[in-house]
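The chain contents come next:
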Amino acid sequence: MSDVSRVPSGSTLEIHDLHVAVGDKEILRGVNLTVKAGETHAIMGPNGSGKSTLAYAIAGHPKYTITSGRVLLDGADLLEMTVDERARAGLFLAMQYPVEVPGVSVSNFLRTAVTSMRGEAPKLRQFAKDLKTGMDALSIDAAFAQRNLNEGFSGGEKKRHEILQLELLKPKIAVLDETDSGLDVDALRVVSEGINRFRSSGETGVLLITHYTRILRYVKPDFVHVFAAGRIVEQGGPELADKLEAEGYEAYTKASA
Amino acid sequence: MGLETKPLSTLHEKASYNVEDFAVPTGREEEWRFTPLSRLKGLHSGAATSGSVAVHVDAAPEVTVETVGRDDQRLGKAYVPADRVSAQAYAAFEKATVLTVAREVVASKPTVITFTGSGEGHAYGHTVVKLEPMAEAVVVLDHQGSAVYADNVEFVVGEGATLKVVSLQDWADDTVHVSHHHAQLAKDATFRSFVVTLGGDLVRLSPSVSYAGPGGDAELIGLYFVDAGQHLEHRLLVDHSQPNCKSNVAYKGALQGQDAHAVWIGDVIIRVEAEGTDTYELNRNLLLTDGARADSVPNLEILTGEVAGAGHASASGRLDDEHIFYLQARGIPFEDARRLVIRGFFAQLLEKIELPELRERVLAKVEAELEK
Chain A
1 MSDVSRVPSG STLEIHDLHV AVGDKEILRG VNLTVKAGET HAIMGPNGSG
51 KSTLAYAIAG HPKYTITSGR VLLDGADLLE MTVDERARAG LFLAMQYPVE
101 VPGVSVSNFL RTAVTSMRGE APKLRQFAKD LKTGMDALSI DAAFAQRNLN
151 EGFSGGEKKR HEILQLELLK PKIAVLDETD SGLDVDALRV VSEGINRFRS
201 SGETGVLLIT HYTRILRYVK PDFVHVFAAG RIVEQGGPEL ADKLEAEGYE
251 AYTKASA
Chain B
1 MGLETKPLST LHEKASYNVE DFAVPTGREE EWRFTPLSRL KGLHSGAATS
51 GSVAVHVDAA PEVTVETVGR DDQRLGKAYV PADRVSAQAY AAFEKATVLT
101 VAREVVASKP TVITFTGSGE GHAYGHTVVK LEPMAEAVVV LDHQGSAVYA
151 DNVEFVVGEG ATLKVVSLQD WADDTVHVSH HHAQLAKDAT FRSFVVTLGG
201 DLVRLSPSVS YAGPGGDAEL IGLYFVDAGQ HLEHRLLVDH SQPNCKSNVA
251 YKGALQGQDA HAVWIGDVII RVEAEGTDTY ELNRNLLLTD GARADSVPNL
301 EILTGEVAGA GHASASGRLD DEHIFYLQAR GIPFEDARRL VIRGFFAQLL
351 EKIELPELRE RVLAKVEAEL EK
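Protein chains in written order, with UniProt numbering: chain A, 1 to 257; chain B, 1 to 372.
Since the hints were made in silico from the structure, they are not lab data. Source: prediction; values computed, not measured. Just so it is clear, CB atoms sit at the ideal spot from N, CA and C, and this is done for glycine as well. It is possible that part of the hints are untrue.
Claimed, not checked - Below 20 Å or equal to it, Euclidean Cα-Cα: the simulated EDC-like pairs (lysine to aspartate or glutamate) are:
1. K252(B) x E100(A)
2. K63(A) x D170(B)
3. K220(A) x E203(A)
4. K158(A) x D170(B)
5. K352(B) x E66(B)
6. K172(A) x D141(A)
Unchecked claim - Here are some chain B residues pointing at chain A (derived, C-beta under 10 Å):
7. S16
8. Y17
9. E322
10. L327
11. Q328
12. I332
13. A337
14. A347
15. L350
16. E354
17. L355
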């Protein structure tokens, strides 16, 4: 997968020595990571290690302050961009807890998002077709499009909806923040298939953040990084996930304490 | 009702047709403390009629429209003025408009009453909308132009009748409007009120509901958009004095700009005899900028233990950062995200306007406010 010739014009997300604070508290303490098109990176780590902070800081959530470091997408400085500019540059964050937005329907939201991403409104018929195809593939009921955004959605529905957006918006790099959490096996399989469709072109990169190894049986990573106390403490291939499955995070939490 | 069961609420205590029975308010009174009296242009202190508000009625063919003098016996039957300005309006109006829908008649289209301010002097008005038993009608009160205007509107809804009212306060920027809307519901009557207040320097609208028999059902919906310097005040009073009646109050407002001020008072009284009452009231304010202020005071006074349901909710806050972040994270620019969220905030209320052309007009007005 590190053979660059396979993806001649793919995108690259580079994270250099990233330090992030919430208020006065430093959460990320120097993260270095490069995700290239065609690669899937898994970030694993115990709760509170800063995995989600990494995801939200890259996406530009106002709660997180970047104290130093750089994040580049195809050489462009993401940290200089607003949240929506980052998304339009090709970054996507599938959220762990998608927020409910009252009075905004799923179909209106998706159409607005697609219009913003493409810079022009999609042809209605084509959009309706793409939406139906996407929803069918994720076993999402048609009535779902008329519901208010995330309002009253079950955990599984929220995650499927995140992946639906991933497939419709076609970003260059997708950051998936614990997309597997709270899913039963069937939902996990459906969601994993969506992620695999997204990365099948080989032109997109995936940064998959998870606490558990379960999803990695469906979405095979090329690289596994172990996160502890705000930085990456070990890296390896898929075999590292097997080791974590067997031994847990104890060795890393102790070492970083 | 005996003295020993008198509700504690003082708002309902005084009622008189005589303006002298009410002292000129000083601003210290509970019912006046939120209102900037200096901007009332004397409506509270006895300004004489010197201007006019033109009344034009475009009625459904089934609706009888009359312009009557002060001595008409149908005036002031359902409502007795409850404050100084209301009594002033009752004492000073010259002509009243009376709409009547006869027994079991269903009006085939909305009846639109347009009130147009001429831009000069003070004016007073009185309107009665009377639905006889089993009648059905939709009435739109459309307020436009520049005025200093105080009026009272009586909705008399007969047994089993259904009245739907939309009152649009779409005044020019300098208008001062103080108004009472009182609905009296007979047995099994249905009343739907949709209030939209957008324009005017100072608008103080007091919708109230009383029940003359059991089984009445009132829904009072309101939407307001307050700009810099505007004072938009809505004071609701639902007096449950009959068993097995329903009321639902839901007002939502957005505020933007320096000294934009919204006031919402929601009083619901459930008297001892009003067993089986089902009531809910809600007020939400969305503060879009610094310098705007919303006062929201729900007040639920329950004097019987035998209610079917009673509740209230009030919340005022800013746009939720998490909403905006989520939408922006999908590539939607901030301004578009903000518009989506605000439109969503009003969406559930707007759906309740059953007249599509009116809903479009209100939506367009709200959109225009958002562009400011």
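So, going through the hints one by one against the coordinates:
As the CA atoms of K252(B) and E100(A) are separated by approximately 19 Å, the hinted pair is consistent with the 20 Å bound. Our distance criterion of 20 Å between C-alpha atoms is broken by K63(A) and D170(B), whose separation comes to about 40 Å. Using a Cα cut-off of 20 Å, the hinted pair K220(A) and E203(A) holds, with the two alpha carbons roughly 16 Å apart. Among the hinted pairs, K158(A) with D170(B) is inconsistent with the structure: their alpha-carbon atoms are about 41 Å apart, more than 20 Å.
A hinted pair counts as satisfied when its Cα atoms are at most 20 Å apart, and K352(B) with E66(B) does not qualify at roughly 30 Å. Taking the CA atoms of K172(A) and D141(A), the gap is near 27 Å; set against the 20 Å cutoff, the hint is violated. Checking S16(B) against chain A: minimum C-beta separation of about 43 Å lies over 10 Å; hint violated. Interface hint status for Y17(B): violated, as the beta-carbon distance to the closest one in chain A is roughly 44 Å, over 10 Å.
Because the beta carbon of E322(B) sits about 5 Å from the nearest beta carbon in chain A, less than 10 Å, this interface hint is met. Because the closest C-beta pair between L327(B) and chain A is about 7 Å apart, less than 10 Å, the hint holds. A distance limit of 10 Å between C-beta atoms decides the matter here; for Q328(B) the minimum to chain A is near 4 Å, and the interface restraint holds. A distance limit of 10 Å between C-beta atoms decides the matter here; for I332(B) the minimum to chain A is near 5 Å, and the interface restraint holds.
Hint on A337(B) holds. Least Cβ distance to chain A is approximately 7 Å, under the 10 Å limit. Annotation: A347(B) was flagged as interfacial toward chain A, and the flag holds, the nearest CB pair being 3 Å apart, inside 10 Å. Given hint, L350(B) at the interface with chain A, holds; its Cβ is 9 Å from that chain's nearest Cβ, closer than 10 Å. About 18 Å separates the beta-carbon of E354(B) from the nearest beta-carbon of chain A, more than 10 Å, and the hint is not met.
Here the hint on L355(B) is broken, as its CB sits about 20 Å from the closest CB of chain A, past 10 Å.
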